[in-house]
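**Q** Just so you know, the protein sequences line up as chains A and B, in that order. Just so you know, my numbering puts the end of the first sequence at 626, numbered straight through with nothing missing. Just so you know, my numbering puts the end of the second sequence at 343, numbered straight through with nothing missing.
Derived from the structure by calculation, the hints contain no laboratory data. Hints should not be assumed to be uniformly reliable.
[Said to hold, decoys possible] Taking lysine to any residue pairs in the SDA-like style, the calculated list, with each CA pair at most 20 angstroms apart, reads:
| hint | chain 1 | residue 1 | chain 2 | residue 2 |
| --- | --- | --- | --- | --- |
| 1 | A | K287 | B | Q309 |
| 2 | A | K260 | B | K332 |
| 3 | A | K465 | B | G262 |
| 4 | A | K287 | B | K134 |
| 5 | A | K287 | B | A335 |
| 6 | A | K423 | B | Q331 |
| 7 | A | K603 | A | K260 |
| 8 | B | K12 | A | G443 |
| 9 | B | K134 | B | G153 |
[Said to hold, decoys possible] Simulated restraints on C-beta separations:
| hint | chain 1 | residue 1 | chain 2 | residue 2 | range |
| --- | --- | --- | --- | --- | --- |
| 10 | A | A498 | B | Q331 | 37 to 45 angstroms |
| 11 | A | Q295 | B | P276 | 25 to 33 angstroms |
| 12 | B | K220 | A | P439 | 44 to 52 angstroms |
[Claimed, not checked] One-sided excerpt, in silico: chain B residues whose CB lies under 7 angstroms from chain A:
| hint | residue |
| --- | --- |
| 13 | T82 |
| 14 | A86 |
| 15 | H109 |
Please read all numbers here as calculations on a predicted model, not as lab measurements. From the three backbone atoms N, C-alpha and C, an ideal C-beta is built for every residue, glycine too.
Here's the letter readout for the chains.
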Amino acid sequence: MTSPKSGTNSTENVTQLDRVTIRFAGDSGDGMQLTGSQFTATTALFGNDVSTLPDFPAEIRAPAGSLPGVSGFQISFSSGDIHTPGDRPDVLVAMNPAALKVNLGDLVPGGGIIVNTDAFNDINLRKAGYAADPLHDGSLKGYNLFEIPMSTMVAGACEGLGLSSKQVELTKNFFALGVMFWLYERSMAATEKWIAEKFSGKEAIAEANRRALHAGYAFGETTEIFHTHYRVPAAKLKPGTYRNITGNEATALGFVTAAKLAERDLFLASYPITPASDILHQLSGYKHLGIKTVQSEDEIAAIGAAVGAAYGGALGMTTTSGPGMALKAEMLGLAVMVELPLVVVDVQRAGPSTGMPTKTEQGDLLMSMFGRNSDSPIPVIAPATPAECFTMAIEAWRIALKHMTPVVYLSDAFLATGAEPWKIPQISEMPSIAVKNAPESTGSFRPYQRDPETLARPWAVPGTKGLEHRIGGLEKLDELGTVSYDPDNHHRMMLLRAEKVARIARDIPATEVWGDSSGDLLILGWGSTYGSIRSAVERLRERGKRVSHAHLRYLNPLPEDLAGILGNFKRVLLPELNLGQLRMLLRAKYLVDIVGFNLVRGKPFQIGEIEAKAESLLGESVEVGQ
Amino acid sequence: MTQSELPVLTKKDFESDQDVRWCPGCGDYSILAQTQKTMPDFGVAKEKIVFISGIGCSGRLPYYMNTFGFHTIHGRAATIATGLKAARPDLMVWVITGDGDALSIGGNHLIHAMRRNVDMKMIMFNNRIYGLTKGQASPTSPIGKKTKSTPMGTIETPIIPLNLVAAAEASFIARSVDTHSEHLQEMMHRAGEHSGAAFLEVLQNCNIFNDGAWRDFTDKSVKEDRMLVLKHGEPMLFGAEKKKGIRLNGLQPEVVTIGENGITVADLWVHDEADPDATRTQILSRMWWPDFPVPVGVFRRVPRPTHDQLLVEQVESAKAARAAKGPADLQKLLAAGETWTVS
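If we strip away everything but chain A, and leave its shape as in the complex, we get (with noise of 0.2 angstroms):
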């Protein structure tokens, strides 16, 4: 928590902050998603900056108050610009112990601890490896501990509704919202609209959720046990019409808005897989505009329909994440032989194998780059924040169109699902993206003839006359486009694959560096990463330290500027969610010794931990000769 700027104000006690991260946290079953999504849509409706990372098991129920049953949601929010969901929470909500204890070293020394003291009982203290309740040991002395009982509080106030005992307990995250809400000076009404909408012709449970928001609410502004609460005035965002987006939600929405600058039918097939599924779901929702989908049997046959529906000419893509990425290999290489537009979305989660499947890591950059056989250049494009996956896929379908090519878009689970507000644009107001047929043909047609600015070849969809002709996994003779095993053809092919990728690189913006173009240290980023790296450079500069950020939205082709930017700097560190994918690229291609910050948890980065390995760099008197 920021320190106090005013004091308290002469009716109640009001504190007001910069920046307030809260960390609900309880039982899989406790609504804790739920919970948080509604204290961001408030939040970011009041007009603060909001940023969060939801954390949850990827086991549906895991057993009922155990550590691994833990779910929790992070949200910061702030009045002024921020970057990330906050190291660090000042306020733990623990539905149980299970929750408190998993959540409290997270806890900043002296934060708020808001418990239901209903759930501290024998069975699930020792279902959470309490030897003694810590509620009563004296072990949460160093923080500011608020018992409130929950339970009873809401079996109290839903009285009369003839629901059962285990119904009402089920408001009991809503008591907690309540709370929240009173503490943090913001309006029921988001959350009442929900509520009524969510359990329409549920008058009883509808009412006892309304009912359970009320007494939270009351319980803060009538009890004692709050000495203050809090304002975190809204935050000075740009002017325009604002709402709060995920990156599934934005990659979804970019998607469905590349088909329209495209002026081409969507067609997505997919295959379940955490965290990606999202996509697939909100796509299939949008049938009325003309969007087709295809749940799909496996992997391989979803990135296939995606290449056949390319073929026909639409916008033929694939949703999925590392261990379905694995299995698209082969037939991502066919693209790449046949040159047909193609988008396939990662959204990368902790491996290898099944790993961790709702965290988050930066584990596919290599994969998507080199896991094919033979020398099968892709472009590979990722977004930095959860809005930015709306921009960015739609420029995955630019690439993927201008240049006949697939594209990888890679995302991670915690942009997928970490949430911000988003400036919503004006359609009418976007470049068109729209590429055109090749005509009908009287004459030979040449399927692999070029386009000498982008080596793009003609997009010969079936059904146009005079087109006949035939593509496929075999090597193609260069512009006839027939099969050859000439060894002179082989290698001139392989050089044009190359090449057309490499060519992107003219058609991509130029790299932000932000600071100044020159200094002791860059901090050079992909990704999710963004938010950490941006807050970290800005605390360092506050300090004086001549340190700047770049943050890369194309990993393949880099961008041209890149080797000068990297030159200007005396150090570079490249902080990546994984054991240093980007860095081995980047040192290979420019032969920079760039640093790298691999921390591999499941979890983004914490501004501090960026922060003091700048500190540390910039202590060392190292000086690099590039």
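Model the placement of chain B on the given structure of chain A, informed by the hints.
**A** Below, chain B without anything else, positioned relative to chain A:
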């Protein structure tokens, strides 16, 4: 798909300029010839026809067809056909595959293409061997078959392809033989006319790695007695004299002789392609020489909405439902849910 202004096409119009490169004597030559001969039947313009293949000797066929063609990767042709047909319901899509391609590496896709009723005509060349990789056992090789990869004989029970696709709810199921050219042409014609997933198994001879795999019953000298030509609505009669027949005793087929033990033609199983229950299709598919004559012909042909039709219907009905509430507006979709304005 019909185009009234379409000039009458001939076999020659469907021959590409590529040299055919199968081994001399391969059964694939006949299949290619019948395919080219059948194509003009449908009144579909050449550019509206797409041949998609996987990997194997069969996979080369699209190169020899003067239509659109896509030689894809091993086992996955059906997936590409599924996407193509979903995106482009106006096209006529053929899938060319083999026993290894469709039943081994592509087994999963075969099942799902059939159950979805993807409107594609799949021709599976069954030679009971891996030819292009030079002679390993395939999923249809009989138990005990000695090959390079099974020097002591295979120990795996073979798949009965038509039994499998019947279980997967295929809406059109047929079998023919590479050398029985007229029958093969007829089966291709019937498959091409079918709306939905058509599966045509062609018993094909690989004269290099598995010569004579079907000869015991397909040879001219014996086929009358050892094969059963299925005809819709007709009793199952076979034999040079048409004196033998199949009687269905409960779920058990029996070979009977007309005139023996008082059996008449009226006692025979009457073939019904349109039988909505695939159980009897499966019984037929399991009949095999030497216990039974091997059936060829159309086993099953039932009407069922195709995958692309249903997909388009959903899109159209969603559009109509949306239109009732005003035009679909992407800009509004972007701003769905709670929004706020900063000025």
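**Q** Are the hints correct? Go through all of them and say.
**A** Consistency of the hints with the structure:
A threshold of 20 angstroms between alpha carbons decides the hint, and for A:K287 with B:Q309 the separation of about 14 angstroms falls inside it, so the pair holds. A hinted pair counts as satisfied when its Cα atoms are at most 20 angstroms apart, and A:K260 with B:K332 qualifies at roughly 14 angstroms. Between the alpha carbons of A:K465 and B:G262 the distance comes to roughly 63 angstroms, so the proposed pair goes past 20 angstroms and is violated. Straight-line distance between C-alpha atoms of A:K287 and B:K134 comes to about 47 angstroms, which puts the hinted pair past the 20 angstroms bound.
A hinted pair counts as satisfied when its Cα atoms are at most 20 angstroms apart, and A:K287 with B:A335 qualifies at roughly 18 angstroms. As the CA atoms of A:K423 and B:Q331 are separated by approximately 13 angstroms, the hinted pair is consistent with the 20 angstroms bound. For the given pair, A:K603 sits about 35 angstroms from A:K260 by alpha-carbon distance, which is inconsistent with the 20 angstroms threshold. Taken as a hint, the B:K12 and A:G443 pair is honoured in the structure, with Cα atoms around 18 angstroms apart against an allowance of 20 angstroms.
Under the criterion of a C-alpha separation no larger than 20 angstroms, the hint pairing B:K134 with B:G153 is consistent with the structure, at around 16 angstroms. For the pair A:A498 and B:Q331, the supplied restraint of 37 to 45 angstroms holds, since their beta-carbon distance comes to about 40 angstroms. Against the hinted window of 25 to 33 angstroms, the Cβ-Cβ separation of A:Q295 and B:P276 comes to about 26 angstroms, which satisfies the hint. Under the hint 44 to 52 angstroms, the C-beta atoms of B:K220 and A:P439, about 51 angstroms apart, fit the expected range.
Hint status for B:T82 relative to chain A: holds, with the closest Cβ pair at about 5 angstroms, below 7 angstroms. Checking B:A86 against chain A by beta carbon gives a least distance of about 6 angstroms; that is within 7 angstroms, so the hint holds. For B:H109, the interface hint holds, since its Cβ comes within 7 angstroms of a Cβ in chain A; the closest pair sits about 6 angstroms apart.
In this structure, the earlier hints numbered 3, 4 and 7 are contradicted, and the remaining ones agree with it.
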